[in-house]
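Asks: Residue -2 is where the sequence shown starts when you use our numbering, and the numbers rise one by one after that.
These are calculated hints, taken from the structure and not from any lab test.
No residue lacks a Cβ here, since even glycine has one placed at the ideal position from N, Cα and C.
It cannot be assumed that every hint is accurate.
Claimed, not checked - Ranges of calculated distance between the beta carbons of each label pair, as one might list FRET restraints:
| # | residue 1 | residue 2 | range |
| --- | --- | --- | --- |
| 1 | 114 | 8 | 36 to 42 Å |
| 2 | 75 | 11 | 30 to 36 Å |
| 3 | 36 | 114 | 32 to 38 Å |
| 4 | 8 | 32 | 28 to 34 Å |
| 5 | 10 | 114 | 17 to 23 Å |
| 6 | 21 | 111 | 15 to 21 Å |
| 7 | 124 | 49 | 21 to 27 Å |
| 8 | 4 | 122 | 30 to 36 Å |
| 9 | 15 | 111 | 33 to 39 Å |
| 10 | 21 | 105 | 19 to 25 Å |
| 11 | -1 | 49 | 30 to 36 Å |
| 12 | 39 | 116 | 28 to 34 Å |
| 13 | 11 | 98 | 36 to 42 Å |
To be verified - Capping the alpha-carbon separation at 27 Å, the derived lysine-lysine pairs in DSS-like fashion look like this:
| # | residue 1 | residue 2 |
| --- | --- | --- |
| 14 | 14 | 114 |
| 15 | 14 | 28 |
| 16 | 14 | 37 |
| 17 | 37 | 114 |
| 18 | 114 | 124 |
| 19 | 37 | 20 |
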Amino acid sequence: LLSQARAAGGSWAAAQKRVISIKGETRPYMKLVYEVCQGKTAVEELEQLATTLDSTATPAETGNGIFGLPTRFKDTMRPVETGFYVNLYAGLVAEAQERPEDAQRFLTKAAQSPYGKSGDYMWHLAKVCI
């Protein structure tokens, strides 16, 4: 979807019509990302969550694992991971929508996340994007 939106002659709206159906996803933040990509949820909801979450907080700083998370995400026990991915995808979506300033803001926040210590290759994507 993200690459199709920026391909020659592509647009975010056109790419959304071609999103494949995803089944079995259990991570609340990825369900939200898929809903945004499918046009079922406004991108502003993803961006508001990204703005609300402190993706640079360490697990010790988040205490019981629900720091900054709205009700929909209260069951997650991985707030650092959630903060990273919400900011990463908010940035990638903003980039696909040709909003470079917003993209940089969210991608920078993702790249500064302590989630980078996890070894997840997606953190390197955030670093490359900024």
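Asks: Work down the list of hints and note, for each, if the structure agrees.
Replies: Each hint tested on the structure:
1. 114 to 8: 36 to 42 Å: At 37 Å between Cβs, range holds.
2. 75 to 11: 30 to 36 Å: holds, 34 Å
3. 36 to 114: 32 to 38 Å: holds, 35 Å
4. 8 to 32: 28 to 34 Å: Given range 28 to 34 Å: violated, Cβ gap about 19 Å.
5. 10 to 114: 17 to 23 Å: violated, 38 Å
6. 21 to 111: 15 to 21 Å: Once the Cβ atoms are compared, 28 Å apart, the range 15 to 21 Å for residue 111 and residue 21 is violated.
7. 124 to 49: 21 to 27 Å: holds, 23 Å
8. 4 to 122: 30 to 36 Å: About 19 Å separates the Cβ atoms of residue 4 and residue 122, which means 30 to 36 Å is violated.
9. 15 to 111: 33 to 39 Å: holds, 35 Å
10. 21 to 105: 19 to 25 Å: Given about 32 Å between the Cβ atoms, the range is violated.
11. -1 to 49: 30 to 36 Å: violated, 23 Å
12. 39 to 116: 28 to 34 Å: About 33 Å separates the Cβ atoms of residue 39 and residue 116, which means 28 to 34 Å holds.
13. 11 to 98: 36 to 42 Å: At 23 Å between Cβs, range violated.
14. 14 to 114: violated, 36 Å
15. 14 to 28: holds, 17 Å
16. 14 to 37: Judged against 27 Å, a Cα distance of about 11 Å means the pair holds.
17. 37 to 114: Roughly 33 Å between the alpha carbons, so the hint for residue 37 and residue 114 is violated.
18. 114 to 124: holds, 13 Å
19. 37 to 20: holds, 15 Å
Hints 4, 5, 6, 8, 10, 11, 13, 14, 17 from the earlier list are contradicted by this structure; the remaining hints agree with it.
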